[in-house]
Every structure is written in C-alpha cells, then in structure tokens.
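If you read the protein sequences in the order shown, they are chains V and C.
Counting along the first sequence from 1, when you hit position 69 you're at 416 in the working numbering, and nothing is skipped either side.
Counting along the second sequence from 1, when you hit position 155 you're at 187 in the working numbering, and nothing is skipped either side.
Dumping the calculated DSBU-like pairs for lysine-lysine here, alpha-carbon to alpha-carbon at most 30 angstroms:
1. V:Lys-426 to C:Lys-156
2. C:Lys-98 to V:Lys-412
3. C:Lys-156 to C:Lys-98
4. V:Lys-426 to V:Lys-401
5. C:Lys-156 to V:Lys-401
6. C:Lys-68 to C:Lys-98
7. V:Lys-378 to V:Lys-412
8. V:Lys-378 to V:Lys-401
9. C:Lys-156 to V:Lys-412
10. V:Lys-378 to V:Lys-426
11. C:Lys-156 to C:Lys-91
12. V:Lys-412 to V:Lys-401
13. C:Lys-91 to C:Lys-68
14. C:Lys-98 to V:Lys-401
15. V:Lys-378 to C:Lys-98
16. V:Lys-401 to C:Lys-91
17. V:Lys-412 to V:Lys-426
In short, the hints are calculated from the structure, not lab data.
In this text, all values refer to a predicted model and were calculated from it rather than measured experimentally.
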Amino acid sequence: MAQSEQEILAGLAEIVNEETGLEPSEVQSDKSFTDDLDIDSLSMMTIVVNAEEKFGVRIPDDEVKNLSTVGDAVGFIAKNQA
Amino acid sequence: MTERRVVVTGLGATTPLGGTIAETWEGILAGRSGAKPLPEEWVERYELPVHFACTLAQKPDEVLTKVEIRRMDPSAQYAVIAARAAMEDAGSPEIDPLRLGVAIGTGIGGVWTLLDQWDILREKGVRRVFPLSVPMLMPNTSAGNVSLQLGARAGAHTTVSACASGAESMGTGFDMIRGGRADIVVAGGTEAAIHPLPFAGFAQMQALSTRNDDIDAASRPYDTGRDGFVMAEGAGVMVLEEYEHAKARGARIYAEFASIGMSADSHHITAPEPEGAGASRAMLEAVERAGLSNADIVHINAHATSTPVGDIAEANAIRRAFGADADAMCVSATKSMTGHLLGAAGALEGLFSVLSVHHRLAPAAINIDDPDPKIDLDVVTGDHRTLPDGDIAALNNSFGFGGHNVALVVKSV
Numbered sequence: 348m349a350q351s352e353q354e355i356l357a358g359l360a361e362i363v364n365e366e367t368g369l370e371p372s373e374v375q376s377d378k379s380f381t382d383d384l385d386i387d388s389l390s391m392m393t394i395v396v397n398a399e400e401k402f403g404v405r406i407p408d409d410e411v412k413n414l415s416t417v418g419d420a421v422g423f424i425a426k427n428q429a
Numbered sequence: 033m034t035e036r037r038v039v040v041t042g043l044g045a046t047t048p049l050g051g052t053i054a055e056t057w058e059g060i061l062a063g064r065s066g067a068k069p070l071p072e073e074w075v076e077r078y079e080l081p082v083h084f085a086c087t088l089a090q091k092p093d094e095v096l097t098k099v100e101i102r103r104m105d106p107s108a109q110y111a112v113i114a115a116r117a118a119m120e121d122a123g124s125p126e127i128d129p130l131r132l133g134v135a136i137g138t139g140i141g142g143v144w145t146l147l148d149q150w151d152i153l154r155e156k157g158v159r160r161v162f163p164l165s166v167p168m169l170m171p172n173t174s175a176g177n178v179s180l181q182l183g184a185r186a187g188a189h190t191t192v193s194a195c196a197s198g199a200e201s202m203g204t205g206f207d208m209i210r211g212g213r214a215d216i217v218v219a220g221g222t223e224a225a226i227h228p229l230p231f232a233g234f235a236q237m238q239a240l241s242t243r244n245d246d247i248d249a250a251s252r253p254y255d256t257g258r259d260g261f262v263m264a265e266g267a268g269v270m271v272l273e274e275y276e277h278a279k280a281r282g283a284r285i286y287a288e289f290a291s292i293g294m295s296a297d298s299h300h301i302t303a304p305e306p307e308g309a310g311a312s313r314a315m316l317e318a319v320e321r322a323g324l325s326n327a328d329i330v331h332i333n334a335h336a337t338s339t340p341v342g343d344i345a346e347a348n349a350i351r352r353a354f355g356a357d358a359d360a361m362c363v364s365a366t367k368s369m370t371g372h373l374l375g376a377a378g379a380l381e382g383l384f385s386v387l388s389v390h391h392r393l394a395p396a397a398i399n400i401d402d403p404d405p406k407i408d409l410d411v412v413t414g415d416h417r418t419l420p421d422g423d424i425a426a427l428n429n430s431f432g433f434g435g436h437n438v439a440l441v442v443k444s445v
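Just chain V, same shape as in the assembly (with noise of 0.2 angstroms):
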C-alpha cells in the first residue's frame, strides 16, 4: 500500500537517525544527505538499505548518486511504491 509523502519522509528520518543520531526533526526535504547531513557513502548505502527493507522497494545502486536531497529520495520511494 502507497504511503504519503510525509510517511515516507516520517520513515526516512527513524532510518537516518538509526544510523547516524541525527535527530529525525533534522532530516528535512530540502536537506542535502552530503552537504547538510553529513552522511558518508558508506552510512549511505545502509540507509539505503533499511529504505528498501521498510518501503518495499528497489532502489538500484545506479539511482543513488541522483538522490541527493531528502525530499529526492522520499519522491523516488513514493513513486516507485507498488
């Protein structure tokens, strides 16, 4: 079942604090995971991982250098949940 935006970004922010303590209220649309989040590649790929886990979808490794911002990923997961 497709979730809303704000679910997922909702969803997003518990993965990100899990793996980084960011505080979730911090994990915003418009943040950058790089710039803003300081979120290396490697804490990168197991966010991405958890995503798929909890969102049910497949996020290919091609598709993650274009996921830059938060809202980026959140669009990317609503779209391609069945």
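Dock chain C against the given chain V, drawing on the hints supplied.
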C-alpha cells in the same frame, strides 16, 4: 643522552567486575567473582558443556551512543570506553596529536561482526551485509577507533599474540615513547569473544572449566581442583607518558613502566613448554632491561589462568628464572576473580600491577581452598598482602597460544 623514562598517568577499564577501573579494583579487593550464567538459549541450542563466563558488569549501551554501538564491533566499543576513561583519569592532557599514539592489542579481534555478518549474508543476501563489516571485524579496529576518538596521530598499532596481546601492546607503547616517536601513548588490550563459536572452540580443547554447579568457584588458579579457565571479556587501557612531560604538566604518576621482556617458546602451538625456559627468559629479560635485580621484585601478578598444566608451567618458569629469590616475591592470581580476558588479560593485569605498586598492596586470590603442592610459590590468599616501603618493583606475566611470553616490570616512583 639520558634515556627517556615512561610513567603511568591514567587508567581505564571495563571488566566483569565493574564499568570502571575503580569499581574493578574494589571488586578485586572484595574478592568478588565476575562469573555469570550464559544465555540459556546458547547453552541449549549449541549443547555447550560450559554454562557460564565472566561477562561485562556494565553493558556498553549504558555508556556509548546508539550510533557508536552500531558502527563499532563490541571489542572496539570496550576499547573506546576504557581509552576515554584512561585519558580522563590522566587529566585529559593537552597534547600535539602528532605526539599522541595508540597501541591496543586483541587476541581474536572483531569476531562478533565476522560471524554476525556471515549469518546475515547466508540468510538475507549481500545487500543486507553492513557496509562497515570489514573495518569492524579487522583486528586493528580498536586501535583505529581509539585513534579516531582521541585524535591520536603518532601511530596506532595492534599487537596480536593471543592472551599476551594486551601486555605486548603496552610494551609497544613503552617502546614508542622510549624511541621518541610519541610523548603519550594510550595502550592496552580488548576482547569481546564471548560468542558461541570461540566458546565452543575453547570448550572442545578442554581448556574451559566446567564447574557449572558453582560458577563463582570455577576460576581457581593454583588449587588442586582447578579444571580450566573461565572465559571473560573487557578492556584495560593505561596512559603511558614520558616522565618529563608528565612532570611538567603536574600529572599524577601511579608508577613507572620500567620494561618489557619477550620470548617465544617454539615448542607447541598451545601447550606451554613444561620447564618454562621461554617464559623464564622473558621474565629475566624484563628485570634486566629495567636495570633491576631479582631482589627488587617484590610482587608478581601471574598469568595463572586456572588450567591444570599452565599454572604449573608458569610456577616452574618463575623458579627457573629467580631460584631462591622467588621466595621473596608474593604472587597474585587475579584471574580467580576476573576470569580470563584473553587478549585484554595482560593489559588489565598490567593495570593491577600498577595499582599494586601504587597502593603497595598485593591482592589475594579467591578459591584456593586446597593449594596444589606442586606450586612452589608464595601465593597470596585470604588477606591482601602489604608490599614493603621504599623502592619496589612488580612483574606481570602473560602468555599466549602460539608460544608467546611477555613480562612487564613496573616500579614505584
């Protein structure tokens, strides 16, 4: 040029007796056993013949953040806890990062990560394998993480010599300072191998005590009823500092780290050489390199793991090294309380030797109800022994599978 001297200015630990070195030492003086039952699920599922171990008194998640726990193997978690505590105990010295070094030994390394991630690969596939698996399972994971935490850039080293690793790493730190590569080195050992696999391996070797019905009495070095060691986990770290550097900043000095002696048996991959030729060479070398004579050594913290063969081999080695002079050296067997911390054992016992010299007190072993007549040593039991006034020195022995022998000497300042 006069030789650079090395002193101990900070201590930190997390052990089966306490989350700090102060609580651990209190436990030692109170004669407490750190033994606790293993999870019942392990014992049943794997039919383990041993049902207990000396696990940590304080779980790392009470001290570290959730993210630190996720991104570090338990062995590195313990090392970081102990290293931070040691630096704080040393007064959080300000030092040029290029003059601050790290030496953290381990016997087994990131075995929890290795085996957990293997399980994940088999059950869930490659995409679920944690991207930090390799830097978490490598043996130098603790040295690397401690270096990161403390901003130490003079060098970060890992000695791996089984149950002598922790002692050897302190020797590495000592050499770094003596050789001029660093002014402070955070040195010690860590181990987090209470996982069903290494546990099963040691059990299959018949190396572990199976006294399941009386676990507090299971670790009993030098007692006739000893039947193997009790596996333990934790970390012990000391801040080694160049003497003039310590003096200049008005640091509290616990003791002088006077020397390290090392040798290899080349006899058998696990069994100690029964006459103790290699072990005695390490002890004599340590005393000689400290510029001391036998008469200066008033105390020995023995390796004394509570195995039938090992305890006798060490006693023979002590006699072989010191002859009649050993009569004047009282012997502590602290593994009777802590269990055997493997790669952290020599480090933690190094801390105990420092505290023994500092407080002039030799801790009593517990569980020696029926002393083995084949052990011809002055083993401290019952009450703690007061060590003499004046200049004193203490020896600390550690031996490891592979035939590694390491002896440290600390002396009063």
